[in-house]
Every structure is written in structure tokens, then in C-alpha cells.
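Residues per chain, in single letters:
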Amino acid sequence: MCSKKDASVDFLNSKKIDREIKKEAMEVQPLKLLLLGGGESGKSTIFKQIISFQDEKTKKENTPSSDSIVRNIYQNIVVSIQTLLDSLYLYDLEISYEDRERAKLIENISEHLEDLNQHTFISIAQDLKYFWAKEVVQNIYNNPNRLFNLNDSAEYFLNGIDKYAVPQYKPNQTDLLRVRVKTTGIVEADFSINELPFKLIDVGGQKNQRRKWIHCFQNITCVLFVTSINDYDTVLEEDINIKRLDDSLQIFREMVNSHWFEKSAFVLFLNKVDLFKQKIKKVPLSDHLKDFTGRNESFNETSQFIKNKFLHTNKNSERFIYHHFTCALDTEAIEVVFKSIQDTLLSSITEIL
Amino acid sequence: MIYPNDVMNEVLRDEVGCGLFKSYLKTIYCSETLQFWLEIENFKANAPPATPTLSGPILAFSSAPIESSPSSSSSSPSSSSKNRPSSPSGKYLSQEELRVSAQNVFDKYLENGSEFELNIDAFSRELVRQALNQEIDSSLFDDVQKVVYESLWMDCFPPFTHTAAYHKYKQDTGKCHLPEFLRISFKKKSPKKDDIRMKTVTK
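Chains as they are written, first to last, in UniProt numbering: chain V, 1 to 353; chain D, 1 to 203.
Simulated from the structure, these hints should not be mistaken for lab results.
Some clues are possibly wrong.
[As the list claims (entries may be wrong)] Result set (BS3-like, lysine-lysine): computed pairs, CA atoms no more than 27 Å apart in a straight line:
#: 1; chain 1: D; residue 1: 22; chain 2: V; residue 2: 199
#: 2; chain 1: V; residue 1: 279; chain 2: V; residue 2: 129
#: 3; chain 1: V; residue 1: 129; chain 2: D; residue 2: 26
#: 4; chain 1: D; residue 1: 146; chain 2: V; residue 2: 199
#: 5; chain 1: V; residue 1: 59; chain 2: V; residue 2: 129
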């Protein structure tokens with residue numbers, strides 16, 4: 001016989017179990033999309049783009065405040081000019097006494113970037129503009145064999161100094177996409193598409209960050225591998241003895257053949273195609289890839305050659321690798337690509353169900 | 001205009017805030033950045049200041065008032081700690097001790113493939129490697145610490161401010177509402193500001 005007390009406990013327990021079952025049913029495992037690739041290949045730009053296609057709440061949670069974007073832009077501009085000024089010394093180029101005084105002003109500020117604010121930036125905006133416009137600086141910048149690394153958005157921001165150097169300046173979407181912040185650690189964003197939960201994961205691409213990647217390898221639905229196709233002539237920032245393209249191919253080979261991703265879909269983004277088109281005119285591909293025998297000026301032949309290098313690293317004949325030539329800044333194009341990835345994933349899920 | 005790094009500096013200066021930020025960084029596999037930053041603050045306190053050179057960071061180490069500088073650094077805990085009255089020379093570690101401690105930091109955070117390797121470029125790393133063979137002063141890791149600081153405030157701090165833990169902290173402590181005089185770090189300093197120092201982060 002069961003006492004009144006026992007009955008009520010049973011009742012409560014069964015309620016609890018009901019609740020747990022309900023909760024479990026609601027907590028569907030999210031579809032996990034993982035961005036991988038070397039440093040500065042464009043992972044975070046694609047991350048920002050995918051976030052921008054989602055609802056307002058997701059955007060708000062995963063976008064830095066406008067103030068902090070403005071600060072990042074100022075930081076990017078000062079660092080770019082300082083890099084160019086440093087390279088003047090590197091090339092042993094003479095600059096006048098007056099210029100040296102002006103340069104010192106900028107150097108002082110770049111020494112204390114943690115204090116760079118709008119007021120400071122506006123006060124040196126004319127000096128920054130002055131140096132950027134200088135012929136000798138432009139010559140160095142346009143030299144295809146330049147010895148230093150400037151990020152790809154430097155020119156975009158340097159051409160807009162006037163626009164940024166006003167107190168009421170507010171960053172727009174392009175500014176947000178363009179601003180360079182090196183990713184360290186692992187960034188995640190949760191959102192849902194057609195009621196299905198998604199998790200998008202971004203990582204730092206430099207060699208020294210890859211030890212962290214393993215932490216997010218479990219249960220990945222789809223790997224978005226990003227490579228900057230225009231980097232066939234450059235070396236890694238973190239190790240100048242390694243060519244970026246070789247490094248990217250190497251990690252792609254490891255990832256595409258890794259047991260972690262046996263069941264994951266694979267998408268290859270051959271990114272920065274806009275810069276690639278410009279570069280092949282100035283820097284012959286065959287100078288850097290000796291096995292390339294096609295026409296250096298043909299976009300089709302050069303880009304297909306690099307694409308095949310990637311696809312041939314795949315040892316699993318069962319696996320199909322989707323690939324796209326992209327410019328991560330092109331919102332419409334990325335949206336089309338993302339939609340197609342989304343559709344593929346959703347249809348493969350309904351197949352399983 | 002309040003800049004996010006001013007808010008971050010305030011968090012770094014506060015033991016509870018710093019602890020919360022540290023726990024958050026662990027969840028995004030990024031705790032080595034703050035760990036390194038704190039260790040260098042400690043290292044700098046035990047090392048003699050750099051001999052000022054003409055192009056070097058004279059400001060940071062001179063005991064003269066900073067009014068003359070176009071870029072005052074009151075809002076940064078890293079700079080304000082430099083402005084602390086330096087301990088008497090007897091309190092610095094010896095060159096041998098400093099070298100051992102600096103080498104440890106290098107092996108732990110900077111060396112290729114090290115356990116807590118930081119996200120820095122090869123050039124910065126090689127500069128420190130060379131400097132390890134010379135007379136060691138408190139500026140040894142300055143450039144690397146600066147890069148790490150940048151990545152803390154540009155990359156890690158903004159998402160931290162979206163966490164529930166941060167919101168609760170903000171409510172509980174009323175922190176992160178900066179006093180007026182801290183908001184514009186560019187303005188000339190009043191003597192008061194020199195008193196703003198980190199309380200607990202050097203451990």
C-alpha cells in the first residue's frame with residue numbers, strides 16, 4: 001500500500017520526468033558550421049557576413065559596438081601608415097627634416113595605441129593623409145615585391161581618412177566587414193534558420209592558434225574552409241619561412257582527410273578572387289608555382305589550377321567538396337553561397353529523417 | 001565618448017572583474033593572453049627601467065610630469081603601472097634572475113610551438129629572442145605586450161560584454177560607469193589621475 005506522501009512524491013517525479021523529456025526534445029543538437037583556414041584568409045569576414053543575414057537579435061549579440069568599430073578603424077589606419085613609414089627606413093629612403101617631425105608625431109601615437117581616441121585621431125588626420133598621398137609612399141605601396149605585410153583593407157581605409165576624421169562618423173556595413181581584427185581563441189554564434197538551431201564557429205588561423213582547433217572538432221555538420229587564393233606569392237606572418245599557399249594546402253589536406261570530419265560536409269572558399277584577378281596581371285603565377293604551365297594572364301586557367309591543387313589533396317573518393325570562388329566582401333554573392341550551403345544541409349537532414 | 005578599452009582597463013584593475021574576464025577567456029580558449037599580460041606586469045615591477053633613448057618610449061619611464069606628451073596614458077593600466085614610483089634599485093631582481101625569468105616567459109608564450117604560444121608575428125618574436133642576450137630591462141616585452149593588449153580589447157573584450165556574468169557584475173558593482181575625468185584620456189592630466197593605478201592585477 002502506498003502512503004499519501006509516497007504518492008505525491010511519485011506524482012512529482014513523473015512530472016519531472018515529463019518535463020525532462022520535453023526539454024530534451026526541444027534541445028535539438030544544433031547544426032555546427034566550422035570556419036577553418038590560415039591567417040588572414042577571410043574567415044572572420046565570412047563570419048560577419050553570415051551573421052548579417054540573421055535576425056536583429058543575433059546581429060546585436062555578435063557585432064561589436066559602433067564605438068569599438070570606430071576605434072578599430074583608427075587603429076588600423078595608424079598601424080598601416082606606421083608600417084609604411086617604417087618601410088621608408090627599411091628601403092633607406094631619405095625624408096626631409098619637416099617630414100621627420102611629422103612622422104614622429106604619428107610614431108608617438110602608434111607607440112601608445114591603447115590611448116588612441118577620436119580626438120587624437122582627428123588631430124593627426126592631416127598628417128596621416130599627407131604621408132599616404134606622398135609619391136614615395138605610394139611607390140612603396142604599389143610595389144608588388146614589397147617586403148612588409150599590410151592588411152588587404154589598408155588602402156580602403158587610407159583613402160577614406162577624411163570620412164573617419166569627423167566626430168559624428170558612424171561606421172557602415174562595409175567598414176564593419178573591412179576592419180581587421182586578428183582572431184585569437186574561438187568565437188561562436190548561435191542562431192536559427194527555419195526553426196533549426198545553427199552554431200557558427202570562427203577560429204584564429206595562424207599556426208600558433210591551431211592547437212585550439214581540436215576543441216571544436218566534434219559533431220561538425222559542415223566545414224567552411226577558407227583560403228586566400230591571391231596569396232600564392234606571400235609568406236606567413238607567424239613564420240616567414242613558409243609560403244601561405246603551401247601552408248593552406250597542407251592544412252586543407254589534413255582537415256579534409258581527418259577522421260573528425262568523415263561525416264561532415266566540406267565547402268572550400270577560394271577567397272579574395274578580386275585581388276587575385278589584379279595580382280595575376282602583375283605577378284606571374286608560374287614564377288611561384290613552377291608546375292603551372294598555363295597562361296599566366298588567364299583567370300580561368302590560373303584559378304582552376306589552384307582549385308585543383310586543393311581538390312586533389314582529398315583522398316576519399318566518396319567525398320564531394322563544394323567549392324566557390326568568392327570575394328568575402330561581396331554581400332550578395334556570399335548570401336547566394338550561404339543559401340546554397342543551407343539548402344544542401346537542410347535537404348541532407350530531411351533525407352536522414 | 002567612452003571607448004571600450006577604457007571599460008576594459010577598469011575591469012582589469014578590479015580583482016573580481018579581472019577574475020570574471022579570465023574565466024570567460026578560458027571558455028573561448030584564449031586565457032594565455034591575459035595570463036601573459038599579467039605576468040609581464042609583474043616582470044616589469046621587478047626589472048629596472050630602460051635607459052631612455054631618443055626614439056624610445058621616454059615618456060613611459062620618465063618621472064617628469066606627462067603634461068608635455070601629446071598622448072597621455074592615464075587610462076591604460078599598463079602605462080599607469082609604469083608611472084608608479086619605482087621601487088628602490090635594491091628591489092629589482094639581479095640580471096641573472098631576470099634572465100631566467102624572461103627566458104621562462106619566452107619559452108612559455110613566445111617560442112614556436114610552445115604550450116601557451118601567443119598570436120604574434122615572427123618579427124616581434126625574433127626581436128625579443130635577440131634582446132634576451134643583452135642587458136635586460138623592464139621594456140623587454142613591451143612590443144609583444146602591446147600586441148596582446150590590442151587583441152584583448154579589440155577581439156576578446158567586446159564579446160565578453162555580452163555575457164550574463166558581465167551584466168551581473170556591472171549591476172552588482174556599478175562598475176563600468178566611468179568617472180567623467182577618465183573619459184577623455186587625451187586631455188591634460190590633473191595630478192589626481194596619477195593616483196589611479198591597478199590594485200590587484202599584479203600577482
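Verification of the supplied hints:
1. Our distance criterion of 27 Å between C-alpha atoms is met by residue 22 of chain D and residue 199 of chain V, whose separation comes to about 24 Å.
2. Between residue 279 of chain V and residue 129 of chain V, the direct Cα distance comes to roughly 26 Å. Compliance with the 27 Å bound is thereby established for this hinted pair.
3. For the proposed pair residue 129 of chain V and residue 26 of chain D, the alpha carbon gap of about 41 Å is over 27 Å, so the pair is violated.
4. The suggested pairing of residue 146 of chain D with residue 199 of chain V is violated, with an alpha-carbon distance near 32 Å, which exceeds 27 Å.
5. A hinted pair counts as satisfied when its Cα atoms are at most 27 Å apart, and residue 59 of chain V with residue 129 of chain V does not qualify at roughly 33 Å.
Checked against the numbered hints listed earlier, the structure breaks hints 3, 4, 5; every other hint is satisfied.
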